[in-house]
Amino acid sequence: MENIIEIKNADLHYNDFKALKNINMNIPKHEITALIGPSGCGKSTLLKSINRMNDLVEGCKIEGEFLLEGKNIYQDYDVNILRKEVGMVFQKPNPFPMSVYDNVAYGPRTHGIRKKKDLDDIVEDALNKAAIWEELKDRLKKSALGLSGGQQQRLCIARALAVKPKVLLMDEPTSALDPISTLKIEELAEELKKEYTIANVTHNMKQAARISDTTAFFLLGEMIECNQTTEIFSHPRNNKTEEYITGRFG
Amino acid sequence: MGRKRNGEKRFTFSVFLKGIVHIAAGITCLMIAFILGYILIMGIPNLKPDLFAWEYNTDNVSLTPALINTVIMTVVSLAIAIPIGIFSAIFLVEYAKRGNRFVKVIRVTTETLAGIPSIVYGLFGMLFFVTAMGWRLSILAGAFTLAIMVLPIIMRTTEEALLAVPDSFREGSFGLGAGKLRTVFIVILPSAVPGILSGIVLAMGRIVGETAALIYTAGTVANIPGSDGLFSSGRTLAVHLYVLIGEGLYTKQAYATAVVLIVIVIGMNALSGVIARRCQWKTS
Ligand SMILES: Nc1ncnc2c1ncn2[C@@H]1O[C@H](COP(=O)(O)OP(=O)(O)OP(=O)(O)O)[C@@H](O)[C@H]1O
Ligand SMILES: [Mg+2]
Chain A
-6 MENIIEIKNA DLHYNDFKAL KNINMNIPKH EITALIGPSG CGKSTLLKSI NRMNDLVEGC
54 KIEGEFLLEG KNIYQDYDVN ILRKEVGMVF QKPNPFPMSV YDNVAYGPRT HGIRKKKDLD
114 DIVEDALNKA AIWEELKDRL KKSALGLSGG QQQRLCIARA LAVKPKVLLM DEPTSALDPI
174 STLKIEELAE ELKKEYTIAN VTHNMKQAAR ISDTTAFFLL GEMIECNQTT EIFSHPRNNK
234 TEEYITGRFG
Chain B
15 MGRKRNGEKR FTFSVFLKGI VHIAAGITCL MIAFILGYIL IMGIPNLKPD LFAWEYNTDN
75 VSLTPALINT VIMTVVSLAI AIPIGIFSAI FLVEYAKRGN RFVKVIRVTT ETLAGIPSIV
135 YGLFGMLFFV TAMGWRLSIL AGAFTLAIMV LPIIMRTTEE ALLAVPDSFR EGSFGLGAGK
195 LRTVFIVILP SAVPGILSGI VLAMGRIVGE TAALIYTAGT VANIPGSDGL FSSGRTLAVH
255 LYVLIGEGLY TKQAYATAVV LIVIVIGMNA LSGVIARRCQ WKTS
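The listed protein sequences derive, respectively, from chains A and B. Residue numbering for the first sequence follows my numbering, starting at -6 and increasing by one per position. Residue numbering for the second sequence follows my numbering, starting at 15 and increasing by one per position.
These are computed hints drawn from the structure, not numbers from a lab. In this text, all values refer to a predicted model and were calculated from it rather than measured experimentally. One thing to keep in mind: the hints can contain errors.
[What the hints assert, rightly or not] Derived list of chain A stretches under chain B, where covered just means 3 residues or more per stretch with a C-beta under 8 Å from a C-beta of chain B: (1) 37 to 50; (2) 87 to 101; (3) 152 to 160.
Beta carbons: idealized from backbone N, C-alpha and C, even for Gly.
The whole structure should be built from the sequences, with the hints applied where relevant.
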């Protein structure tokens, strides 16, 4: 299996606090990789270092190598191009206060697409891929803030897909949603992995087991174990992993 | 038992507090009603057509030129203060590093500026714009003086409006590969518009109601600008009122002028409410 993202000997400091300790991991192409672990173990931090959202954080220092398709994320990419290649979906749906259409068209417009026809096609395509076109095709001009939480989150996924990323980082995308919306997003993720690569942070063990191909378990800034999901959930090698996934962890 | 006593005590205390709150609110309302009522009763019967004559003379003491000057003064002052105020606020909130010492200094400075009595602005305007720049007593000198005076208002309200825009919008925009400029102008600024507008209306209120800062900068000529354009002196409605009261001969007309001034100010406040609601409705 080809790895689209490789992380080598990565350390990350927030000022004096070491949030990531010597992380080595790969994210295989066209798979869903789940990142699990207790709160504060550094999952979001790792995710944010992949599309350089940590650049915005004062006092954040990163060492080691992050490679996207063999090229160094911190040296060989312009940050805005990198973020086009590596999209992100956040924990709380964050549609912009504009129409559904403008939300989805925001990314393509940012990267220079201006023609109405092209934008129309991209918007329809992205909404289709996010499985929300049927629900929203008649309210493209309505404010995105009027949608339900689940619809907003799928809209945010569509917005991320509209710039045609290679990788989609999702930071607890379902934690603010009801079970039915959650299920829809899970189904969506399984569909999307055919075309994209997905890294999904989750606190939901069942979700990790259901949809991911690979699972990585983190604890206090270290990656304890990373393996096939079936393997990790049936024969965890590390007993901390076992304690965590069986729910015996504090 | 002690507990119960305590509870009773607290109960009477809360009733007492509630009473004070109600009385205070009542007094405030009464005062406003009294002032408004008094001016309206004294002023409305004196609203004669003469008062709205196109040209001012000492017989009709027309307020029309002053009204036109007020509009000009407001437009020019805001045209100077709004861009500067909004752009500095954008710089402070979006571009300067958070917690930067320089930012703190600017904040303290604007707060101090906001607290300076307007006559001091008038003095500064007179020394700087009127004398040093050689603009004489003119609408332009007055407008610049007022622009400096309302700058802190516009800056502060814009800053607060920008800070109130959730960071998740910024993250979302950066996450799509947008730069700072695009993020600020396409995503952040539109969300902050209601707050900014309310600041602008507040500034308009200050401008319309100002006298002290204008008397020694824009002068008290009671006509609309002549061939000198913005370099001619002109009195706004509030200054007009001040002069009328000062002359003692025109008390009736002064009341009538006050009615017009009050109607304008109330109208502006209502307008700001409408605008803010419109914008909120649009974004939610
Ligand atoms: N901007 C920051 N500045 C300083 N410390 C931070 C910052 N962001 C995160 N941290 C610290 O880094 C550690 C890892 O945080 P992170 O958000 O990555 O955890 P997480 O695994 O995503 O947790 P959760 O499951 O609660 O989202 C935490 O101890 C946190 O306090
Ligand atoms: Mg997190």
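Count the residues of the segment 37 to 50 of chain A with a beta-carbon closer than 8 Å to any beta-carbon of chain B: does the count reach three?
Check passed, 3 qualifying residues.
Check, residue by residue, whether the segment 152 to 160 of chain A contains three or more positions whose beta-carbon lies closer than 8 Å to a beta-carbon of chain B, and give the verdict.
Coverage by chain B holds here, the residue count being 3 at a Cβ distance below 8 Å.
Examine the segment 87 to 101 of chain A: at least three residues should have C-beta closer than 8 Å to a C-beta of chain B.
holds (count 7)
Of the hints listed earlier, there is not a single one the structure fails to meet.
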